[in-house]
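Trainee: Residues per chain, in single letters:
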Amino acid sequence: MSDEDERNEERSRISVRIGEVQVELEGTYDNIKKLMDKELFDFAKGLQETTEQLPSSTGITPEAAPKEKTVPPPTKPLTTAKTSPQLSSMPTMGKIVEAANLKKTYMLGKIPVEALRGVNLEVESGDFIAILGPSGSGKSTMLNLVGALDKPTAGTLLIDGVDVSKLSDNQLSDLRRRVGFVFQFFNLIPRLTARDNVELSLSIAGIGKAERKKRAEELLETVGLKERINHKPAELSGGQQQRVAIARALANNPRFLLLDEPTGNIDSRTAREIMKLVKRLNEEQGVTIIMVTHDQHLAREAKRIVQMFDGVITSDVANGELT
Amino acid sequence: MRTRDVFGYSFSAIKLRKLRAGLTTLGVVIGIAAIVALLSITTGLQNTITSQLETGLATDTLIVSPGRSFFSEGGAGIGGGFGDGTSDFKLFINDTETINALSPDIEMSVARIQRTIYIQTPERGFLINVIGVDFAEYTNLYSSTFVAESGAINVNPENSDVVIGKTLHDPWENGTLLFNVNDAVEIIWTNATARPPKNESYTGQITAVLGEIGGFGFGGPSDMGGYIPISQAQSFFDTNECSQIVVKLANSDQATIDNVSELISDAFNGEVSVISSTAVLNLLSSVFSVIQLFLAGIAAISLLVAGIGIMNIMIVSLIERTREIGILKALGMKSRTVLMIFLGESVIIGLIGAVLGIGSGWVLANIVAIIFSGGGPFAGIGGGQTSGVGGGGLDIIPVLTPTVLIGALGFGIGVSVIFALYPAWRASKLKPVEALRYE
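Residue numbers (the working numbering), protein chains in the order written: chain A, 1 to 323; chain B, 1 to 439.
Worth flagging that the hints you see were computed from the coordinates, not collected in a lab.
Below 27 angstroms or equal to it, Euclidean Cα-Cα: the simulated BS3-like pairs (lysine-lysine) are:
1. A:166 - B:429
2. B:15 - A:209
3. A:276 - A:214
4. A:232 - B:18
5. A:276 - A:232
6. A:226 - A:209
7. B:15 - A:214
None of the values given here were measured: they were computed from a predicted structure.
Okay, chain B solo, but in the shape it has when bound:
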């Protein structure tokens, strides 16, 4: 029997029991849709986060923070933010000189003092991260992002100068401004190390608003950050310690990154963690892989249930059609062809289920993405030490990669076929005489 005729016959059998076949297919649709939706959303989320990170963190920079890395000692360590914090090691502003002397691959290094402060005018106030940096060096380091959209960044700033990110200026992009150039703002910092803790404050003046950067500002300038001259930060926060040192490399080769990371780590006896953007991205990628695998695994369970449904319905069908199988065999159909007919039915169910599942999964992913993107701009303004990740307003664009597409199709058909194997095998093994006698 020709393959086309085998499928034709399978299809005619499915058509006869539309509702039953429909419900069986629905099981596959739900399983595949769940897998596709979860994978395309997580892939979209990963892409969004990665691109935002890439915006804020140039690939040719390293960020050196005090504290050992969990993930690796020295080397291209990952996760200064994950430093164990038990060490007494401190990174000082003048450590930039040590770093600069380490390698010709290091172009420059810039120290940053970062604190969470309260910025307010008589009308409003917000808790933000403020970063004390050398404006001249920072402009040099982040020449594309640390740029004023309005006002001007003074290379030799006054102590009262404050530069703010775009979100602090015009968060809703509708003309309702929070802080503007030339506004006098009160900077309030709670000195928790003093006994008793006390609030320090000074009046600053906004001299510039940065252009929109996007992203999280991980390491680099951020839309939600405030910037003050490093000398002012030193005296206001009364410290010579810095939170991070940003190192700019001559190039972004992996070898250079690894080499310099190791040099820096060694120079501080492994007491610092050196984060490169590639390492962060790699970590992120592997974290997402685990999440995806986990979610896909959960979704696969529903497909497994669908598979059992297919098996169940095929066994019922096999019993109902015992006589038909007897007829087919009496007409000279080979056992192999009977097997193929039953498997053909499951392939059709799997194929239709997978195609509809991919379609509905894609629709579902887009609906979820729209709901996700609906958060307010300040929904997740953060108070993290290294970065404030805005959880709201994430523009997730669901991504359906060819791998997911083909995988879902293959998985849908595969599960259907695997669970149909046993009933199909039983059908093929029926003895014609006995099958014909079956009522």
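This is chain A alone, in the form it adopts within the complex:
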């Protein structure tokens, strides 16, 4: 791939240079973002073909090229840095997560790595969002921030209206109890049984033994593991372990569930069952779900799909709008 892409901080405008051709793509095109990632190549190729047909290499108008592609015209305005002040002034009711110009820089040894480079995202109560993106796109970092496992370097992140960057370690811990985290590798405590793993979450919240026991059993029944309640993780299949993890994440009636590649480590049939369970939780019990994945098929299960690439959100659409 000989072309390269450069993007400005403002995600409403993207410049692409193919060979000698520099194309400015205005942000009015929702499809531009969708063309990032793997589709970028096809798009760039198509663009190159278009430009080759043109008599002058500088003659193309930004609007012309993408519009000729099959991408439908935008129906939803972009959530941009420019619009974020407007967002934060909106009432927080119903909004569980509000991220504005969120940035996160890691130090890899002595080299700073920008994992998030200005993310704007809102999550409404009852949403089911899939954050889609290749590895290194910053989606896991985003999830860690939303899950209060980490603090942003810059920008604001409101969870339930509370600014995460202003919280102390202890307050972050309290916040984590209101978030249900489900990991790719389940992250159950190996020495504890399914019930004890679920109980642990309740125990951390300071709930007494009797109530813990009752609630853990209910939750494990909800995820369909009533029969395996006294089994340790090693005695459970991957799918069953993930169900325990989901039950554990639900234990403290979280404001939302965060799923990090929830089916990344289990077979596809079990993965479908897990997704069915997640959808059911969302539809029947109104649990807000934010799921990170690199699997497009999985993402299609969500109501809303957010695509990330290189630390920024490149598209944010309702499910039906993604082709």
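Since the structure of chain A is already known, use the hints to place chain B on it.
Mentor: Same frame as chain A, but now just chain B:
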């Protein structure tokens, strides 16, 4: 998280690594056991020695010996036996009159001439301390201990009269008698001041055997002593000097003891040492304290090693459980609770180690006490100038005082917790994102 749940979680972590936790605990057990065993044995030994001293030395008596005391000039001086011996000062038998005139608190004073002699019959002979005393006064002074069990102590004795302690009569308490009443015994004394030294001897007759006294006979009558009339001692040893003067006081108040001790010391220009039983006991107590501290210090080193073991194992555990800590934190566990969980593990190890350590230390102390008590009755018959301390046959009853018990428990747990502080702190400071990423 509730405290009970914190400990429950800590315990589940310990249970997972039984062998490792067991070995770590063993370190604490050994340390605590060593401390408990040493302290309870020394306390038992102290009690034994103290009670034996108390038996032989009435609290209302002072013992005046020639020679300055190391420990104090005059006053309630300690350690006539420790007199520097460089002085030419001599205490004479008739000095009792001087002493008697010093204070109304002095009821009486009795002079004693003490020598090491050889007592023998055609069958057997022993080296013993023989004490020349006025039988009448001595009976009066030690009315409970200078009492005949068989035979009779003549208030106006013949020169040949000899009274012996119970051990010289029936040491094994099995009917095998060494010397008995009416036995004629040869008393042999080596006069080392004569040039050349020569053996003096006379034939005495045992007229009485004392009842069992127990103790060392420090100052007072002893189970291992022989007694002859003072007039006989004067002529046989050819001296008017006495070894000690025993002073009986009207009461055993500390003020009286101090006062009279000072009067006596002053009367002899500080050339004598005046020992009271309380002073001896105090000295003994402080000596034992030093010994105990020393031994406990050595034992504490082993506990220190155990503590380092705990720290080591906790750091290993911390690294192994990095991911688990990440999970706990992701579930909303506070850093403080993570700290508590790790400290909880060390408290459990410390507690179990301390309890087992106290138990095994106690068993060890009893075993040592049994071995100690196994010595023969003459194992340590002594030739000291003031007293013959029998080292063998000491009945040590190990004592576990509440202080030692609580101290050992606290020390065991304390050391465990202190050495777990650093690993626990490190665990609590782990960042959840990094900890979760840890493989």
